[in-house]
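This note's numbering applies: residue 69 is where the sequence shown begins, and numbers increase by one.
Among these hints, one or two may not hold up.
Pairwise CB distance ranges, derived in the manner of DEER restraints [stated by the list, open to error]:
1. 105 x 169: 31 to 37 angstroms
2. 453 x 181: 35 to 41 angstroms
3. 419 x 181: 55 to 61 angstroms
Okay, derived cross-link-like pairs now, DSS-like style, lysine-lysine, Cα gap no bigger than 25 angstroms in a straight line [stated by the list, open to error]:
4. 268 x 150
5. 173 x 264
6. 202 x 272
No wet-lab data here; the hints were simulated from the structure. C-beta: ideal position from N, C-alpha, C; glycine also.
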Amino acid sequence: MIFHLSTKKTKLNTDISISGSKSESNRLLILQQLIDGLEIENISDSDDSKYLEKALHSVEETIDIGHAGTAMRFLVSFFSIKVGREVVLTGSERMQIRPIEVLVKALQDLGANISYEDKVGYPPIRIKGTRLIKDTVQINGNVSSQYISSLMLIASSLSKGLEIELLGEITSVPYINMTLVLLQELGIEASFFENKISIKPFDKSISKKIIVESDWSSASYFFSIIALSEIGSEITLSSYKKESLQGDSCLAEIYNYFGVSTNFKANSIVISKVETTKTNQLNIDLKNAPDIAQTIVVTCFGLGVSCSLTGLHTLKIKETDRLIALENELTKLGASISITDESLVLEKSTKINSNIAIETYKDHRMAMAFAPLALKTAISILDANVVTKSYRNFWKDLQQIGFQIDSN
69 MIFHLSTKKT KLNTDISISG SKSESNRLLI LQQLIDGLEI ENISDSDDSK YLEKALHSVE
129 ETIDIGHAGT AMRFLVSFFS IKVGREVVLT GSERMQIRPI EVLVKALQDL GANISYEDKV
189 GYPPIRIKGT RLIKDTVQIN GNVSSQYISS LMLIASSLSK GLEIELLGEI TSVPYINMTL
249 VLLQELGIEA SFFENKISIK PFDKSISKKI IVESDWSSAS YFFSIIALSE IGSEITLSSY
309 KKESLQGDSC LAEIYNYFGV STNFKANSIV ISKVETTKTN QLNIDLKNAP DIAQTIVVTC
369 FGLGVSCSLT GLHTLKIKET DRLIALENEL TKLGASISIT DESLVLEKST KINSNIAIET
429 YKDHRMAMAF APLALKTAIS ILDANVVTKS YRNFWKDLQQ IGFQIDSN
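Construct the complete structure from the given sequences, taking the supplied hints into account.
Structure, rendered in structure tokens:
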């Protein structure tokens, strides 16, 4: 499906409701299966969360999680401790070239019975559930935080708990802290000090309801829309809170640079475009929030602002190699951009090529990050339905704002 985007109205004023955080939902869905008495509200309606829910209730031997990377990583650990259960975890063609070896090796060190069905280091993998009796493990701290969170989520179900030693530089700390706080909210004794995560065993039933905060990654596209809009434009987003567990909530601070003011209400945020005089190159280390890199660089391009983004090494193993994808598509639009394996530099530009078709590479964030550029020029998004991976109502919400969307 190809969507052709354009806009006539650039001064916005509307309310948007976004579903629960995919990151929080997926962690809680795993914990709900391990701890009796946990109730969850406002679960993400993303494809990733739906795949995870389906997998957790499946009785099949082969479980296909499609493009759902978080589901793959969390389920590897989950099925490793399901004594007597044997499954083969597989996914899409892209999923089968996304590395899983770091997590598998850590679980094997703990005593897990995991083998590769095809290429070593990649799905599909066969898991035979067993009791993990070891209580210490080492893993590099600069790998995807989902590997670390995957181990944390099963830790309290182990007879001795688990101590995880993180080696070297630690990235994506907010996502590790998100997992830690959710464990603590359930009454699990857990700590993260220096390079060690310690989680005690927990075998109690509870009576607890957690309401999932809306997704900040999904909110990023509206921050971009406001940044590219006229002074006085305003959007209200719900449901959000100032003390968020999500690393991507740093958006509120970052987008001040683009003249986007964030006002926190009781259960929502109001983002509005105000005057700004900042014209210097934007320099940000996004090692703690790499998922918003695409949104930020496209915003910079749309505003004619130069930027230098670092801490992006995990983008190469996402749904696509996001650094190469950004370079390809922004170049088509007229940008001057250069990338390395972990960074990106965009030069200041005042020209945006019109009627360009953006290839999404089966990556939901490519589609959504580029959509706001319709405020500057007519643009087309290829394979537009890929957004359902994380944000099912994205195109509907853009139409509510005033975007014109034609399809073929």
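Hint check:
no. : hint                          : in the structure
1   : 105 x 169: 31 to 37 angstroms : 35 angstroms, holds
2   : 453 x 181: 35 to 41 angstroms : 38 angstroms, holds
3   : 419 x 181: 55 to 61 angstroms : 57 angstroms, holds
4   : 268 x 150                     : 19 angstroms, holds
5   : 173 x 264                     : 18 angstroms, holds
6   : 202 x 272                     : 21 angstroms, holds
Comparing the model with each earlier hint shows no violations; every hint is respected.
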